[in-house]
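Line by line, the protein sequences are chains A and B. Residues in the first sequence are numbered consecutively from 151, following our numbering. Residues in the second sequence are numbered consecutively from 270, following our numbering.
Hints are computed from structural coordinates only; laboratory data are not their basis. Cβ atoms here follow ideal geometry from the backbone N, Cα and C, with glycine treated the same way. Don't take every hint at face value.
Unchecked claim - Straight line, CA to CA, 27 Å or less: simulated BS3-like cross-link-like pairs of lysine-lysine:
#1 B:Lys371 with A:Lys161
#2 B:Lys371 with B:Lys345
#3 B:Lys371 with B:Lys326
#4 B:Lys337 with B:Lys371
#5 B:Lys371 with A:Lys228
#6 B:Lys337 with B:Lys350
What the hints assert, rightly or not - Partner residues are not named here, just some residues of chain B that face chain A (Cβ under 8 Å, in silico):
#7 Phe332
#8 Asp351
#9 Thr365
#10 Gly372
Stated by the list, open to error - If you want the footprint, here are the derived chain A segments under chain B, 3+ residues with CB under 8 Å:
#11 215-223
#12 254-260
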Amino acid sequence: GAGVSQTPSNKVTEKGKYVELRCDPISGHTALYWYRQSLGQGPEFLIYFQGTGAADDSGLPNDRFFAVRPEGSVSTLKIQRTERGDSAVYLCASSWGQEETQYFGPGTRLLVL
Amino acid sequence: GQNIDQPTEMTATEGAIVQINCTYQTSGFNGLFWYQQHAGEAPTFLSYNVLDGLEEKGRFSSFLSRSKGYSYLLLKELQMKDSASYLCAVPHSGNTPLVFGKGTRLSVIA
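Pulled out of the complex, with its shape left as it was, chain A reads as follows:
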């Protein structure tokens, strides 16, 4: 496909479980971003990759959250010991590089029971 894709589209899990959310950026985009959006709010930045390395992870709320992008394309956001407060839509975006327009995927709706 031509756009950013994310899987799964929906994820329901129990408190304390581990989840992985996947993002496939637009082919050729070197920059990849993760955001989290709660109901009625704008997206909040979590982490940003330039290539394989995390250029800025200052938005990760705590050490339960981790993200990787081992080959500079697909990225996985990992959440350990999930809490009910982690319930949100997790959005991924990609761009050609720094200071370029970001294009968003459809998001993964995470519900922690």
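The hints should help you fit chain B onto chain A, whose structure is shown.
Using the frame of chain A, we list chain B on its own:
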């Protein structure tokens, strides 16, 4: 840091014009973005302003005043499909992750 303020909700009539305002405070300015987000969907890019003035793109226009820390999105000839949230965003301290406002939820009524 960044602070972005925009109205929470607006209502306008089909065929009319609506202006959605955004004020921002930022430690360094590297442009301002507007995104449209329909309920349950991803944000889609509308416009990017880095210089003062009005940028027109079809029915949508975006204005920026850097000295006033102010932008607006102008939607003309409103259609029902324009009912969505409109998000104002600025890059974070010169780096590229975006800081978003809470969004303005626009309802277009007949």
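Each hint, compared with the structure:
1. Among the hinted pairs, Lys371 of chain B with Lys161 of chain A is consistent with the structure: their alpha-carbon atoms are about 24 Å apart, no more than 27 Å.
2. For the hint linking Lys371 of chain B to Lys345 of chain B, the alpha-carbon distance of about 23 Å falls within 27 Å, and the restraint holds.
3. Taking the CA atoms of Lys371 of chain B and Lys326 of chain B, the gap is about 24 Å. The hint holds against a cut of 27 Å.
4. For a cut-off of 27 Å, the pair hint linking Lys337 of chain B to Lys371 of chain B stands: about 20 Å separates their Cα positions.
5. Annotation: proposed proximity of Lys371 of chain B to Lys228 of chain A holds, straight-line Cα distance about 25 Å (limit 27 Å).
6. At roughly 31 Å between alpha-carbon atoms, Lys337 of chain B and Lys350 of chain B are farther apart than 27 Å, so this suggested pair is violated.
7. The beta carbon of Phe332 of chain B comes no nearer than 18 Å to any beta carbon in chain A, farther than 8 Å, and the hint placing it at the interface is violated.
8. Checking Asp351 of chain B against chain A by beta carbon gives a least distance of about 19 Å; that is not within 8 Å, so the hint is violated.
9. Given hint, Thr365 of chain B at the interface with chain A, holds; its Cβ is 5 Å from that chain's nearest Cβ, closer than 8 Å.
10. The beta carbon of Gly372 of chain B is positioned within 8 Å of a beta carbon in chain A (closest approach about 5 Å), and the interface hint is therefore held.
11. For a cut-off of 8 Å, the count of residues in the region 215-223 of chain A with a CB near a CB of chain B stands at 0, and the three-residue condition is violated.
12. Using a Cβ-Cβ cut-off of 8 Å, 4 residues of the region 254-260 of chain A lie near chain B, which meets the minimum of three, so the contact claim holds.
Comparing the model with each numbered hint stated earlier shows that hints 6, 7, 8, 11 do not hold.
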